[in-house]
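Participant: One letter stands for each residue in the lines below.
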Amino acid sequence: MVDGRSMVKRRTGLRLWLSGGWIMLLVLAALLAPWISPQDPLAQDLFMGRLPPFWAAGAEPGYPLGTDSLGRDVLSRMLHGARIAVLVALIAGICTGIIGATLGLIAGYFRGWPDLVISRLIDIWMAFPPVLFAILLVAVVGPGLTSIILAIVIIDWTRFARVIRAEAMAQGAMDYTASARVAGQSRIGTMLTEILPNVLPTIVVLLTLEMGIAVIVEAILSFVNLSISTDDPTWGGMIAEGRASVHQAWWVLVFPLVALFLTVLSFSQLGEGLKDRFDPVLR
Amino acid sequence: MPGGHMDKPLFQIENLHLSLADMTRKPLLGPAPRIPILRGLSFSIARGEVLGIVGGSGSGKSTLGRTLLRLLEPSCGTIHFDGQDITHLPEPALRPLRPRMQMIFQDPMSSLNPRRRIGAIIAAPLHLHGFSGIPARVDQALDQVGLPRAFRHRYPHELSGGQRQRIGIARAIALNPAFILADEIVSGLDVSSQAQVLNLLESLVKDLGLTLAFISHDLSVIRRLCSRIIVLHRGEIVENAPATQLFAHPQADYTRELLSAIPLPDPDQVWV
Amino acid sequence: MSFLSIRNLSAVLEGGPRLLRSVSLDLAAGEVRGLVGESGAGKSMIGKAILGTLPRAVSIVEGEIWLDGVDLLRLPPARRRQIIGASAALIPQDPLTALNPSRRIGPQITDRLVHILGWPRARAEARALDLLAEVQIDNAPRVLRSYPHELSGGMRQRILIAAAFAAEPKLIVADEPTTALDVTVQKQILRLIKGMQERHSTAILFVTHDLGVVSKVCDHLSVLYQGKVVEDAPMRRFFAAPAHPYARALLAATPQYTDPEGSLLPVPDAVIAQVRAEVAKADAGWSHG
Numbered sequence: 534m535v536d537g538r539s540m541v542k543r544r545t546g547l548r549l550w551l552s553g554g555w556i557m558l559l560v561l562a563a564l565l566a567p568w569i570s571p572q573d574p575l576a577q578d579l580f581m582g583r584l585p586p587f588w589a590a591g592a593e594p595g596y597p598l599g600t601d602s603l604g605r606d607v608l609s610r611m612l613h614g615a616r617i618a619v620l621v622a623l624i625a626g627i628c629t630g631i632i633g634a635t636l637g638l639i640a641g642y643f644r645g646w647p648d649l650v651i652s653r654l655i656d657i658w659m660a661f662p663p664v665l666f667a668i669l670l671v672a673v674v675g676p677g678l679t680s681i682i683l684a685i686v687i688i689d690w691t692r693f694a695r696v697i698r699a700e701a702m703a704q705g706a707m708d709y710t711a712s713a714r715v716a717g718q719s720r721i722g723t724m725l726t727e728i729l730p731n732v733l734p735t736i737v738v739l740l741t742l743e744m745g746i747a748v749i750v751e752a753i754l755s756f757v758n759l760s761i762s763t764d765d766p767t768w769g770g771m772i773a774e775g776r777a778s779v780h781q782a783w784w785v786l787v788f789p790l791v792a793l794f795l796t797v798l799s800f801s802q803l804g805e806g807l808k809d810r811f812d813p814v815l816r
Numbered sequence: 050m051p052g053g054h055m056d057k058p059l060f061q062i063e064n065l066h067l068s069l070a071d072m073t074r075k076p077l078l079g080p081a082p083r084i085p086i087l088r089g090l091s092f093s094i095a096r097g098e099v100l101g102i103v104g105g106s107g108s109g110k111s112t113l114g115r116t117l118l119r120l121l122e123p124s125c126g127t128i129h130f131d132g133q134d135i136t137h138l139p140e141p142a143l144r145p146l147r148p149r150m151q152m153i154f155q156d157p158m159s160s161l162n163p164r165r166r167i168g169a170i171i172a173a174p175l176h177l178h179g180f181s182g183i184p185a186r187v188d189q190a191l192d193q194v195g196l197p198r199a200f201r202h203r204y205p206h207e208l209s210g211g212q213r214q215r216i217g218i219a220r221a222i223a224l225n226p227a228f229i230l231a232d233e234i235v236s237g238l239d240v241s242s243q244a245q246v247l248n249l250l251e252s253l254v255k256d257l258g259l260t261l262a263f264i265s266h267d268l269s270v271i272r273r274l275c276s277r278i279i280v281l282h283r284g285e286i287v288e289n290a291p292a293t294q295l296f297a298h299p300q301a302d303y304t305r306e307l308l309s310a311i312p313l314p315d316p317d318q319v320w321v
Numbered sequence: 005m006s007f008l009s010i011r012n013l014s015a016v017l018e019g020g021p022r023l024l025r026s027v028s029l030d031l032a033a034g035e036v037r038g039l040v041g042e043s044g045a046g047k048s049m050i051g052k053a054i055l056g057t058l059p060r061a062v063s064i065v066e067g068e069i070w071l072d073g074v075d076l077l078r079l080p081p082a083r084r085r086q087i088i089g090a091s092a093a094l095i096p097q098d099p100l101t102a103l104n105p106s107r108r109i110g111p112q113i114t115d116r117l118v119h120i121l122g123w124p125r126a127r128a129e130a131r132a133l134d135l136l137a138e139v140q141i142d143n144a145p146r147v148l149r150s151y152p153h154e155l156s157g158g159m160r161q162r163i164l165i166a167a168a169f170a171a172e173p174k175l176i177v178a179d180e181p182t183t184a185l186d187v188t189v190q191k192q193i194l195r196l197i198k199g200m201q202e203r204h205s206t207a208i209l210f211v212t213h214d215l216g217v218v219s220k221v222c223d224h225l226s227v228l229y230q231g232k233v234v235e236d237a238p239m240r241r242f243f244a245a246p247a248h249p250y251a252r253a254l255l256a257a258t259p260q261y262t263d264p265e266g267s268l269l270p271v272p273d274a275v276i277a278q279v280r281a282e283v284a285k286a287d288a289g290w291s292h293g
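Protein chains in written order, with our numbering: chain A, 534 to 816; chain B, 50 to 321; chain C, 5 to 293.
Just so you know, these hints were derived from the structure itself, not from any lab. Keep in mind it's a predicted model, so treat the numbers as computed, not measured. Check before you lean on any hint, since a few could be wrong.
Computed beta-carbon distance windows for the label pairs [claimed, not checked]: (1) Glu122/B - Thr635/A: 49 to 59 Å; (2) Ser719/A - Arg203/B: 23 to 33 Å; (3) Met72/B - Arg720/A: 14 to 24 Å; (4) Pro80/B - Asp142/C: 28 to 38 Å; (5) Ala185/B - Ser719/A: 22 to 32 Å; (6) Asp142/C - Leu547/A: 40 to 50 Å; (7) Leu551/A - Leu17/C: 26 to 36 Å; (8) Asp98/C - Arg644/A: 26 to 36 Å; (9) Val319/B - Asp142/C: 25 to 35 Å; (10) Ala199/B - Arg720/A: 29 to 39 Å; (11) Thr73/B - Ala660/A: 20 to 30 Å; (12) Asp98/C - Asp302/B: 48 to 58 Å; (13) Trp783/A - Asp98/C: 50 to 60 Å.
Covered stretches of chain B (chain C as the covering partner; in silico rule of three or more C-beta atoms under 8 Å from a C-beta of chain C) [to be verified]: (14) 234 to 248; (15) 264 to 277.
C-beta atoms are modelled at their ideal positions from N, C-alpha and C, and glycine is treated no differently.
If we strip away everything but chain A, and leave its shape as in the complex, we get:
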């Protein structure tokens, strides 16, 4: 008898390669931005304002994706913006994941009063309007990378906690959890060896989704001017500036927008692909 799940055909290869490829590219861009940027991302040159991208008439060599209204090179600003996007995605995603998954595991597996406390906390937390919360936080702590990451972690841990709690609860009802206890394993040991490996694929999916969300949130906060100092190039900041001149210079808006879109899409696709790849039940 063969389990039907092992017969499911997998078409994950391409998806995994495309999304993984884009993210690798992004990480490389972030790491190498100071060396590969054609221009200084902050250098203004009013004589070079609103240059179109390289294929259009009136383009200048050295400014492949054109310039904004202050004459700053769009490609260089995007490459430097990638640094902030990647940094926020990694740190905020991982911190959110660790905090949320831990609380979710504890609530879902131990049930009883830990669950009561954590679930109430989640309920109350989620009743707060998140954007207002973030704006408040940035207003108190002051703008900067740290406060953005902090805001994302504080707002979004509930997403992990809720999903992982439900998963852990389902896993806790499975007989192999009971059989680990029959074997004499401690409760925490059971949680780590039996429950955690079974919720790990979900954690991975959520983690990559969260990284995508972190990139978006950072962009939103930059868009409303609450992020890093306005001089530092961020995708959200570029989109905000590009919006003002979209009729004269669409490229200032469109290129960072496409980069943002591809990044968020890649993170979510990467999660799905990894889940299929690393689940022995599906393998």
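Since the structure of chain A is already known, use the hints to place chains B and C on it.
Facilitator: Same frame as chain A, now just chains B and C:
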């Protein structure tokens, strides 16, 4: 070693009650109402005995099994295992007793962690209790349940239902336990695998001197294996008798109803 | 000619093995035929092939299914669904998942009458009340207004039986209808099905793994192994003397509380080897397709 208890039963259960909180009817504030599952059970399991526990769905038979192994804590009453009161022992105090009381589960697919290989599944409890020579013990357990040693490298979903159930048995006997609880372990299997597992269990009980509690809804299966039978109905024991006596002269109405409802593969059985 | 006649039906799993191997069987009007076998023997697959509910990955590669003088497999899908809807019904295995949890019981019984047969709603509702009385459900008007979760498993199985008989089908496929139930409830349900089958003279294809159940409700049975019919016999003759060694072994492996000393024998390896050889031989003759 508690050698002085050898003449006493392995399990002694007195007036066992258990109720669970009904979370669906819990008021916003205050405790949830409780549903009684087990209502005052008293019985014992002698050493070397194969006890059958039979009942319909909702009779409390699985809850009883899990309470014996103290996966659940009784509301009142006492459970003595090998002379020791384990009724309210906390988890850490139970741990040294765990290798001596093992369990085989109904659904081998859900009782074997799908993300671990067979070898690791059988070895995990051995590691936990500091056994030595673990690879040899895993091999021996696989031999005892009649599976090739190469199976230790496979995942549970790569095996058939009957093979998975043998892995469950191997994991339990590898610890050399005094007591095994088997909870509906053949109800998901085809008759042929069922016969194999029952025959295997019977010879293991004989060879290893095990005490076994065998939970099932199927009296035909129970008859095959058990020397004494407890019939549960709505959380109470309605009959507790040696197998031969129970089948020849069932006393309780419910036992008679159960027996007469079983469709035997025989067109001439009076069944109406 | 039989009411239902299946001729040389073969089905394959996409890119995989044959699931049904030239299955032939007949079912006379008003007769009950058991389809028996171990899990994976393809017994449910036959019912699904008739009702047209095979999984997407399974396709029929040869054979005929004659129902009441028409070959279902040669009809255009829409016409086929129409015939099936009007003359056949299913009693499913799992009473817990077969009813939609978010709809009341009443419409779940009458939908088919109203939408497929075009009955006026009032007539369909009157019929539903009669049917619930026939499956011995008290307080039928209230039950029709209940949601599935408010009823017990046995109750839900009765409702599924009532729903199956609602449109007076000539054929019912009963797919392990009592496997999930307690023996005492199973007995009531089996007697109910048998009683209704006799009153309405419905033909039933009864899928089960339990030879005990077969001996109580079936007139004929087909024993399957890996999608091949290895024995086709009248019920009484089968239990008196099963012809095929595999069928004999299956019977010997079935535990009976009346026979404690009789050793319980798994199907011997030699018998499995023999029946597998027969399957392989059947495949060799088929491989031209």
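Participant: Could you run down the list of hints and mark each one as holding or not?
Facilitator: Results for each hint:
1. Against the hinted window of 49 to 59 Å, the Cβ-Cβ separation of Glu122/B and Thr635/A comes to about 27 Å, which falls outside the hint.
2. Separation of Ser719/A from Arg203/B is about 28 Å and conforms to the stated range, judged on CB atoms against 23 to 33 Å.
3. Here the CB-CB span from Met72/B to Arg720/A is close to 21 Å, well matched to the stated 14 to 24 Å.
4. Between Pro80/B and Asp142/C the Cβ separation comes to about 35 Å, which falls inside the hinted range of 28 to 38 Å.
5. Taking 22 to 32 Å as the suggested C-beta distance range, the pair Ala185/B and Ser719/A conforms, at roughly 26 Å.
6. A beta carbon spacing of about 60 Å between Asp142/C and Leu547/A contradicts the range 40 to 50 Å that was offered as a hint.
7. Evaluation of the 26 to 36 Å hint for Leu551/A and Leu17/C yields a pass: the beta carbon distance comes to about 31 Å.
8. At roughly 28 Å, the beta-carbon separation of Asp98/C and Arg644/A lies within the given 26 to 36 Å, and the hint holds.
9. A C-beta distance of roughly 28 Å is found between Val319/B and Asp142/C, which places it inside the suggested range of 25 to 35 Å.
10. Checking the proposed 29 to 39 Å range against Ala199/B and Arg720/A shows it holds: the Cβ atoms sit about 34 Å from each other.
11. Here the CB-CB span from Thr73/B to Ala660/A is close to 24 Å, well matched to the stated 20 to 30 Å.
12. Between Asp98/C and Asp302/B the beta carbon distance is about 30 Å. The supplied range of 48 to 58 Å is therefore violated.
13. Between Trp783/A and Asp98/C the beta carbon distance is about 58 Å. The supplied range of 50 to 60 Å therefore holds.
14. Beta-carbon proximity to chain C at under 8 Å applies to 9 residues in the region 234 to 248 of chain B; the threshold of 3 is reached and the given coverage holds.
15. Counting residues of the region 264 to 277 of chain B whose C-beta lies closer than 8 Å to any C-beta of chain C gives 8; at least three are required, and the coverage claim holds.
Checked against the numbered hints above, the structure breaks hints 1, 6, 12 and satisfies the rest.
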